[in-house]
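**Student:** Below are the chains, spelled out letter by letter.
There are 2 protein chains.
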Amino acid sequence: MSLTMYQASIPSFLRMLGNLSAILDKAAAHAEAKKIDPSIFVNGRLTPDMFPLSRQVQIATDMVKGCAARLAGIEVPSYADNEATFAELQARIAKTQAFLESVSAAQIDGSEERPITVKFGSRELNFLGQAYLFDFVIPNFHFHLTTTYSILRHQGVEIGKIDYTGNY
Amino acid sequence: MSLTMYQASIPSFLRMLGNLSAILDKAAAHAEAKKIDPSIFVNGRLTPDMFPLSRQVQIATDMVKGCAARLAGIEVPSYADNEATFAELQARIAKTQAFLESVSAAQIDGSEERPITVKFGSRELNFLGQAYLFDFVIPNFHFHLTTTYSILRHQGVEIGKIDYTGNY
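Residue numbers (my numbering), protein chains in the order written: chain A, 48 to 215; chain B, 48 to 215.
Any given hint could be a false lead.
[Unchecked claim] Incomplete in silico selection of chain B near chain A, CB under 10 angstroms:
#	residue
1	Met52
2	Arg62
3	Asp182
4	Thr193
5	His201
[As the list claims (entries may be wrong)] Keeping only pairs whose Cα atoms sit at most 35 angstroms apart, straight-line, the calculated DSBU-like set for lysine-lysine is:
#	chain 1	residue 1	chain 2	residue 2
6	A	Lys208	A	Lys73
7	A	Lys208	A	Lys142
8	B	Lys208	A	Lys81
9	A	Lys166	B	Lys208
10	B	Lys208	A	Lys208
11	B	Lys208	A	Lys142
12	A	Lys208	B	Lys82
13	B	Lys81	A	Lys208
14	A	Lys208	B	Lys142
15	B	Lys73	B	Lys208
16	B	Lys73	A	Lys166
17	A	Lys208	B	Lys166
18	A	Lys82	B	Lys208
19	A	Lys81	A	Lys208
20	B	Lys166	A	Lys73
21	A	Lys208	B	Lys73
22	B	Lys208	A	Lys73
23	B	Lys208	B	Lys82
The set of hints was computed from the structure by calculation and includes no laboratory data.
Here a beta-carbon is modelled for each residue, glycine too, at the ideal position from N, C-alpha and C.
Extracted from the complex, chain A is given alone in its bound form (with noise of 0.2 angstroms):
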């Protein structure tokens, strides 16, 4: 069976969903453990001029929810970027699973040269489906991933790789 835009989009994105779930569920379980106000976690920063975990987690669902709807050729799901809890921050995963689940195959398999633009503010970025996957989405995706795995082992949760990879 040969290797699809589906295939290397939709299922690890659900994956690493699942984990990052699960590492939150974690720090949310230490801050309760350890008496600290959640929120500290939730506007923790590696650097002043970082963003802060619920902006980490933020972004990293815009960019699979980004990526679903326009490999797709449907609208981007639009969300309020307004989490300030774990419990709003779960909310939101679980609403981006749920829309990459409700994404087929069907819709997102031959998109490899479907022309892809993403605006930010002026600028606007234009790649083909395929270059769009790799070179934006699976980085940007991962980098704020890492990063709200890295806020919370800074500020000392008990968490290790195996919980960002589930597997190593």
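Based on the hints, put chain B in the right spot on chain A.
**Tutor:** Chain B only, in chain A's frame:
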């Protein structure tokens, strides 16, 4: 043109290794400009029980040389893992890039269902080629690249996410 195992691996690995090399160059230049001993960066860690930068770069490069070799069904090149300076880390990255460039699309394509075994001490992980690439190599590769970035960012090197992704 439909997606292949080669396209899903080697070109993005080479691209990210180029970005990593540029990030380490910026860190070396920062050390020189600020009269900081570069070994402080090379040995820098996000927390005492996480690997130092040198090991992060070693594992990131291990991930992709292992992937190229295993998907192609050839021997994984063995490196001494003794890099202790930016110049030595750059040499390792260059050696990895040259190895990735030496593996052809014809060797890697069709490896979706190739059985892959990865050994770590007494542990053994078994995958088929496609799951090995997407569930193991890509998450681990980006995890160690982003952690390298975060160590330098945390130590005040002036880099941004565009240095990581190369586009946004």
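**Student:** For each hint, tell me whether it holds in the structure or not.
**Tutor:** The hints, checked one at a time:
1. Met52: Since chain A brings a Cβ to about 6 angstroms from B/Met52, closer than 10 angstroms, the hint holds.
2. Arg62: B/Arg62 check passes; min Cβ-Cβ to chain A is 7 angstroms, inside 10 angstroms.
3. Asp182: Result: holds, 6 angstroms to nearest chain A Cβ.
4. Thr193: Because about 4 angstroms separates B/Thr193 from the closest Cβ in chain A, which is inside the 10 angstroms limit, the hint holds.
5. His201: Hint holds; B/His201 Cβ to chain A Cβ min 5 angstroms, cut 10 angstroms.
6. A/Lys208 / A/Lys73: 13 angstroms, holds
7. A/Lys208 / A/Lys142: The hint holds at about 25 angstroms.
8. B/Lys208 / A/Lys81: Answer holds: B/Lys208 to A/Lys81 is near 33 angstroms, not above 35 angstroms.
9. A/Lys166 / B/Lys208: Holds, at roughly 17 angstroms.
10. B/Lys208 / A/Lys208: 22 angstroms, holds
11. B/Lys208 / A/Lys142: 26 angstroms, holds
12. A/Lys208 / B/Lys82: Within the cut-off at roughly 34 angstroms; holds.
13. B/Lys81 / A/Lys208: Satisfied, since the Cα-Cα distance of roughly 33 angstroms is no more than 35 angstroms.
14. A/Lys208 / B/Lys142: Distance of about 26 angstroms is within 35 angstroms: holds.
15. B/Lys73 / B/Lys208: 13 angstroms, holds
16. B/Lys73 / A/Lys166: 28 angstroms, holds
17. A/Lys208 / B/Lys166: 17 angstroms, holds
18. A/Lys82 / B/Lys208: With a Cα-Cα distance of about 34 angstroms, the restraint between A/Lys82 and B/Lys208 holds, given a limit of 35 angstroms.
19. A/Lys81 / A/Lys208: 22 angstroms, holds
20. B/Lys166 / A/Lys73: 28 angstroms, holds
21. A/Lys208 / B/Lys73: With Cα atoms ~27 angstroms apart, A/Lys208 and B/Lys73 stay inside 35 angstroms; holds.
22. B/Lys208 / A/Lys73: This hinted pair holds, its Cα atoms lying about 27 angstroms apart.
23. B/Lys208 / B/Lys82: Given that 35 angstroms is the threshold and the Cα spacing comes to 25 angstroms, the pair holds.
The structure is consistent with each of the numbered hints, conforming to all of them.
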